[in-house]
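Participant: Chains as they are written, first to last, in UniProt numbering: chain A, 1 to 411; chain B, 1 to 491.
Misleading hints may appear alongside valid ones.
To be verified - Pairs of lysine-lysine residues, derived as DSSO-like cross-links and limited to a Cα-Cα distance of at most 30 Å, are as follows:
1) A:Lys241 - B:Lys412
2) B:Lys123 - A:Lys348
3) B:Lys281 - A:Lys103
4) B:Lys108 - A:Lys274
5) B:Lys281 - A:Lys186
6) B:Lys394 - B:Lys415
7) B:Lys388 - A:Lys30
8) A:Lys241 - A:Lys187
9) B:Lys307 - A:Lys18
10) B:Lys388 - A:Lys139
11) A:Lys30 - A:Lys162
12) A:Lys139 - A:Lys18
13) A:Lys241 - A:Lys376
14) A:Lys187 - B:Lys285
15) B:Lys237 - A:Lys241
16) B:Lys412 - B:Lys356
17) B:Lys229 - A:Lys348
18) A:Lys274 - B:Lys229
Since the hints were made in silico from the structure, they are not lab data.
This one's a predicted model, so the numbers in the text were calculated from it and none came from an experiment.
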Amino acid sequence: MAVLSTREKLAILSDAAKYDASCASSGAAKRNSLKSGGIGSTEGSGICHAYAPDGRCISLLKILLTNFCIYDCSYCINRSSSNVKRARFTVDEVVQLTLNFYKRNYIEGLFLSSGVIRSPDETMGEMVEIARQLREMHKFGGYIHLKTIPECAPELLDAAGKYADRLSINVELPTDEGVKRLAPEKKPETIRLSMANLRSRIEEKSEPTMKTKRRERFAPGGQSTQMIVGADQTTDATILKTSARLYGSYHLRRIYFSAFSPIPDSSAALPSMKPPLMREHRLYQADWLMRFYGFSEQEIVADQADGMLDLQVDPKLAWALANRGQFPLDVNRASREMLLRVPGLGTKAVTKILEVRRYRRLRLEDVGKLCASVAKVRPFLVAEGWSPGGLTDTQHLRQKLVPKPQQLSLF
Amino acid sequence: MGAQPKPLPFSFEVLLDGETDFAGWRDAARRLALNEVPSDRVTWSTGSNGDLFGSREPLPDVPEGATMNVPRAFVDLAELVICHSDPQRFALLYRILFRLRSDHDLMKIASDRDIIRLSEMGKSVRRDIHKMRAFVRFRQIVEGEVERYVAWFEPQHHIVERNAPFFQRRFTGMNWTILTPELSADWDGETLRFGPGAEKRDAPSDDDLEALWKTYYANIFNPARLKVKAMQAEMPKKYWRNLPEATLIPDLIAGAEKSAQEMIARMPTIPAPHHETVRAKHWSKAEPQIGDGADASTIDELRDAAKGCRRCPLWSNATQTVFGEGPDDARIVFVGEQPGDQEDIAGRPFVGPAGKVFDGVLEEVGVDRSITYVTNGVKHFKFEPRGKRRIHAKPNAGEVSACRWWIDYELKLIKPDLAVALGATAALSLLGKAIAVTKMRGQVVTRDDGLRVFLTIHPSFILRIPDPRDKEAEHARFVADMRAVKELMAE
Numbered sequence: 001m002a003v004l005s006t007r008e009k010l011a012i013l014s015d016a017a018k019y020d021a022s023c024a025s026s027g028a029a030k031r032n033s034l035k036s037g038g039i040g041s042t043e044g045s046g047i048c049h050a051y052a053p054d055g056r057c058i059s060l061l062k063i064l065l066t067n068f069c070i071y072d073c074s075y076c077i078n079r080s081s082s083n084v085k086r087a088r089f090t091v092d093e094v095v096q097l098t099l100n101f102y103k104r105n106y107i108e109g110l111f112l113s114s115g116v117i118r119s120p121d122e123t124m125g126e127m128v129e130i131a132r133q134l135r136e137m138h139k140f141g142g143y144i145h146l147k148t149i150p151e152c153a154p155e156l157l158d159a160a161g162k163y164a165d166r167l168s169i170n171v172e173l174p175t176d177e178g179v180k181r182l183a184p185e186k187k188p189e190t191i192r193l194s195m196a197n198l199r200s201r202i203e204e205k206s207e208p209t210m211k212t213k214r215r216e217r218f219a220p221g222g223q224s225t226q227m228i229v230g231a232d233q234t235t236d237a238t239i240l241k242t243s244a245r246l247y248g249s250y251h252l253r254r255i256y257f258s259a260f261s262p263i264p265d266s267s268a269a270l271p272s273m274k275p276p277l278m279r280e281h282r283l284y285q286a287d288w289l290m291r292f293y294g295f296s297e298q299e300i301v302a303d304q305a306d307g308m309l310d311l312q313v314d315p316k317l318a319w320a321l322a323n324r325g326q327f328p329l330d331v332n333r334a335s336r337e338m339l340l341r342v343p344g345l346g347t348k349a350v351t352k353i354l355e356v357r358r359y360r361r362l363r364l365e366d367v368g369k370l371c372a373s374v375a376k377v378r379p380f381l382v383a384e385g386w387s388p389g390g391l392t393d394t395q396h397l398r399q400k401l402v403p404k405p406q407q408l409s410l411f
Numbered sequence: 001m002g003a004q005p006k007p008l009p010f011s012f013e014v015l016l017d018g019e020t021d022f023a024g025w026r027d028a029a030r031r032l033a034l035n036e037v038p039s040d041r042v043t044w045s046t047g048s049n050g051d052l053f054g055s056r057e058p059l060p061d062v063p064e065g066a067t068m069n070v071p072r073a074f075v076d077l078a079e080l081v082i083c084h085s086d087p088q089r090f091a092l093l094y095r096i097l098f099r100l101r102s103d104h105d106l107m108k109i110a111s112d113r114d115i116i117r118l119s120e121m122g123k124s125v126r127r128d129i130h131k132m133r134a135f136v137r138f139r140q141i142v143e144g145e146v147e148r149y150v151a152w153f154e155p156q157h158h159i160v161e162r163n164a165p166f167f168q169r170r171f172t173g174m175n176w177t178i179l180t181p182e183l184s185a186d187w188d189g190e191t192l193r194f195g196p197g198a199e200k201r202d203a204p205s206d207d208d209l210e211a212l213w214k215t216y217y218a219n220i221f222n223p224a225r226l227k228v229k230a231m232q233a234e235m236p237k238k239y240w241r242n243l244p245e246a247t248l249i250p251d252l253i254a255g256a257e258k259s260a261q262e263m264i265a266r267m268p269t270i271p272a273p274h275h276e277t278v279r280a281k282h283w284s285k286a287e288p289q290i291g292d293g294a295d296a297s298t299i300d301e302l303r304d305a306a307k308g309c310r311r312c313p314l315w316s317n318a319t320q321t322v323f324g325e326g327p328d329d330a331r332i333v334f335v336g337e338q339p340g341d342q343e344d345i346a347g348r349p350f351v352g353p354a355g356k357v358f359d360g361v362l363e364e365v366g367v368d369r370s371i372t373y374v375t376n377g378v379k380h381f382k383f384e385p386r387g388k389r390r391i392h393a394k395p396n397a398g399e400v401s402a403c404r405w406w407i408d409y410e411l412k413l414i415k416p417d418l419a420v421a422l423g424a425t426a427a428l429s430l431l432g433k434a435i436a437v438t439k440m441r442g443q444v445v446t447r448d449d450g451l452r453v454f455l456t457i458h459p460s461f462i463l464r465i466p467d468p469r470d471k472e473a474e475h476a477r478f479v480a481d482m483r484a485v486k487e488l489m490a491e
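Chain B extracted, bound-state conformation:
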């Protein structure tokens, strides 16, 4: 142990090496905070010639072994806020840093006065960065073979260094220079360099292409929707002097009301001369009329007719009719409830999760797919939208009944030996009455027309069981049902 440490001076003046000297600020702030120097005893200033040790009192060393942890959120925001034009920013950052030592959660107190100021400053810098990305306007200069693009911009904060890499990433294949009063940034295709500030007259005063840009600006504007304040909220007047298109704004506003009124007042005119030619060429052929299906003699004809089905209102929310699939001479017809989300999009039955379970079981059991036809009791998807998903809704008796016209016709054309009702809706559709399928599963009911109907559950029932063991058991029961179906076919 050596001599007693010298007492610290009462106050400190820190001179930073430039407006965005974050490293210098951090070094000074660490030394001061770790020596418990309160924020009201530190003053901060910047100067191009000064350095850290140019302050009147040398900054104290970090006490041996002392460390300091601050939340990442503070460091990120501090690096941003250092670019703010307010000379008080260094002091604010130090005050928050000092408070963070005893109040670790301070950054999360969005209602704290210092934190509000800090986030406002961060927001302002971010906005300035964003507006620079939006409102820089390059003008082209051609020097021999080389094209150069030069812009003049006046940022509100000290953001050029922080923002230049964005322009480098975006305009990598161009030679460009952005001139600002404080600093200039230059990219030659290989290196990003910063140089001294410039004046507006150092940038080119025109670019032939601006005439096209102004043409676009004037014509994309809709005079019937004039909202000047909304424009100025996002494109404040302070930016206008460096935006070539802004010179058009006063005239566009002045003429807007008149051109909108003219559009409203103008009487509809007679159709353009070419209109009749277009109609004759493209729209003269009558649309082929799709019948109601009553005279269909094949499944394909029936499927075509079902595309325009309006027998119940379910078509209005669905994408398309999902008709049955399989050969006209199938021996066995599987009937499900209704298409689901995937089926509605694909236009084919049994392609969703339940269809995959169904396919897997038929394969496991070895049912010959070339003699099976799959269809649904109801042919449009009924659902309730929930955000980006659609929740399956059970079709009601009226919808099932309306759709029975199709299933009866499918059965009439196919004349299968057996129909399998997958679930209660299918049973209702095939037998015309409500059946408790869980009780009657595995049984065969013979219809008045002689068609045998095998009753079982819908494969989606298996998917809805949460407990894995119960699920497994239910899956096994369904496999057993399909074995029974296979045996019935062998009889």
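Just chain A, with the same shape it has in the complex:
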């Protein structure tokens, strides 16, 4: 095989990494380089250094160590039966690329994943070595996210947690049956056990040790996972149920949904179509409702036909339209919990409303100044001098609130 240049390898191994949706560089402990004299800082919220024309942010250098892989997961561009061109970075190449990109302010850090070659320990060992060299030899204080290989040895996991800000293990697909069918060599049981193991390590290390009274560093940015949406027939109801289970069981910071995207050299086992981007978007909205708005997954999907989220309207509006008996709410009296359920009011708007109404009675126009669209909230609120009257229950409310088709095509 011809020797590939770093640039050729980068082309192959970033192309191979782009189907992983995660890009977050947030949630890390605050640190900077003033004391170490090295480079790198994390200050809470992440920074997106560029955006690609797919609208996704580029925050981290997201690459694979290698795209050689012994697994044959049919949705994956790197499966062993794929004819994709293969490459493998050396440890030093990844370290230098990360440092050189960081010094030019292209990135917040590194998101390193890998195909599995020979053995999980060998692959994970090299990934950990890259993180170690960055931290210890180069005093690198930027963000590091390592994708963990579920079957690797516990010592490697410990070392990974010591150097990385975030660790993740992909559940791959929302159901065990899906994993068995499309990723036959992967074991859902092992993936669960690895996530459980990560949770207990994160919890254990967040306690100060008896001797030093200091906390050992272990993945301060927590763990996350990703599932592919649209590669099989799983409904949104099942996906959200799985999400709720995963958040509750393994204390994940985030679950990423990745709309199944056609890949070069695809497998015959999978649909060949454009990725279901709107569906992915609705799932993220539903996920937000569960995490920040007090909705349970059952409420979100209860009134949706076939367990699928409405693609025309967002899940909160869909819920409100199906539960109009709970509206209108008095913006000057309703609880925070209920105001969060009003379509068009976000968490920030609700916080502002609660603050302002301690001093002033709110009129509809005041609410309009605090949220994005007064037209959207109007049917669901009573305010000083405003009552929606029959508007809340009008048959045509849905048609009035559905975004115009030309706006839909933005997605």
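Given the structure of chain A, go ahead and fit chain B onto it with the hints provided.
Facilitator: Just chain B now, with coordinates in the frame of chain A:
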């Protein structure tokens, strides 16, 4: 008391010492506000040569003893908004300051016109600061042994001084310079210095590494997910001229549809040549088949078989089967209800809060742990997710019944002298019928097969009692029950 104070002039013109002269603005604003000068009688301007006293009318002194308190939220926002490029910002800040004197809660009225404008300006400055942190692109120059990194950036507001410490914290180990039209910032590894503005041509025009960065940018893009508006919302075109990767955008967009269609249209190919080798090497060995446990002759064999249990649907939400623990020849078997959150994660029974209570009591009473075996009536955790927690759900009769297969087998292998049912579910599991354990606690029921079953509550019951005295009493009753168990063993 001296002479009558001179009447104040009708209006004032304040000349500030530069665009971000917050100290100057604050001093002037204090003097004016404490002398009750309304905002419409003050005009504000900036100039590099002027100073406070260059205004036409000297600013009035602060009246003796007069003080002024403003909310911290205003000061923080004012320091930020002073960096805004709008020349009206000084007047807006003064108007709000003046209004704050009689309306202390004004900052909290998010629907007020002035407050809306102020927070919009704050947001705009914050965004500009954030975008500068994101979009500055350094280019490397090597001067002898020394590497220097130089960037050209065009901020929208006067943010360079405010933002430079961020670059100092992040790039401490580098020598860097950020050039902007108004001001330049320079860090030599020790000192942060500000100098005059510059022009684009003062910055290096290229860096060899940009070829790699562009390679990355082009390849991380997924043409099947084209969303140009979403990109531009976050990376507006005004920034593109200073972003090396932005030159690729038009071609990437133009080619996207074609490459996405090609990917969809391309027929699946035959497997790669190395695929068969990989399969032969890594996946040729058949997975060891785990039996259903029916032929297990030790607890370890039974535990292995239980890992794949599908006798009821509870496995599908749980992490793992939590099997019993203890020696094969234990004399006493404690049976709980089901594993909880901690047990499900650890894969071991009685390690959570209730398990700790249980351990403490056994130790207090002096039950010999080397002859005890602990297990549960149901071996998978049943729960309802609630945010980041899992709420315990009681297993139903069907689940208990399905799982009885395992507990019967455990008892068959161990052949204990006594079983202890901790709670109603355990009693149901051991005796096959619903028992009111609170009524029958402390009693021993003998099964048809001769096994004696001692009935008591589950230790989690103690944890759920809110009143400390009631809790204490219940704990004592449980200790008494365990003493009775110990005596039964001594018989």
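Participant: All hints are to be evaluated individually against the structure, with a verdict given for each.
Facilitator: These are the hints, each one checked on the structure:
Distance restraint check for A:Lys241 and B:Lys412: the Cα-Cα separation of roughly 38 Å exceeds the 30 Å cut-off, and the hinted pair is therefore not satisfied. A distance of roughly 14 Å separates the Cα atoms of B:Lys123 and A:Lys348; the hinted pair therefore holds under the 30 Å criterion. Of the pairs offered as hints, the one joining B:Lys281 and A:Lys103 is violated, with about 42 Å between alpha carbons and a cut-off of 30 Å exceeded. The suggested pairing of B:Lys108 with A:Lys274 is violated, with an alpha-carbon distance near 47 Å, which exceeds 30 Å.
For the hint linking B:Lys281 to A:Lys186, the alpha-carbon distance of about 16 Å falls within 30 Å, and the restraint holds. Taken as a hint, the B:Lys394 and B:Lys415 pair is honoured in the structure, with Cα atoms around 28 Å apart against an allowance of 30 Å. For a cut-off of 30 Å, the pair hint linking B:Lys388 to A:Lys30 stands: about 24 Å separates their Cα positions. With a CA separation close to 20 Å, the supplied pair A:Lys241 and A:Lys187 stays within the 30 Å bound.
In summary, the hint linking B:Lys307 to A:Lys18 is not supported, as the alpha carbons are separated by about 36 Å, beyond the 30 Å threshold. Our distance criterion of 30 Å between C-alpha atoms is broken by B:Lys388 and A:Lys139, whose separation comes to about 35 Å. Note on A:Lys30 and A:Lys162: the hinted pairing holds, with a Cα-Cα distance of about 15 Å set against a maximum of 30 Å. Restraint check for A:Lys139 and A:Lys18: the C-alpha separation of about 28 Å stays at or below 30 Å, so the hint holds.
Restraint check for A:Lys241 and A:Lys376: satisfied, since their Cα atoms lie roughly 28 Å apart, inside the 30 Å limit. Restraint check: the Cα-Cα separation between A:Lys187 and B:Lys285 comes to about 16 Å, which is no more than 30 Å; the hinted pair holds. The straight-line distance between the Cα atoms of B:Lys237 and A:Lys241 is roughly 41 Å, outside the 30 Å bound, and the hint therefore fails. Taking the CA atoms of B:Lys412 and B:Lys356, the gap is near 28 Å; set against the 30 Å cutoff, the hint holds.
Of the supplied pair hints, the one linking B:Lys229 and A:Lys348 holds, its CA atoms being roughly 24 Å apart against a limit of 30 Å. The hinted pair formed by A:Lys274 and B:Lys229 meets the criterion: a straight-line CA distance of about 18 Å does not exceed 30 Å.
The structure fails to meet hints 1, 3, 4, 9, 10, 15 from the earlier list, while all remaining hints are met.
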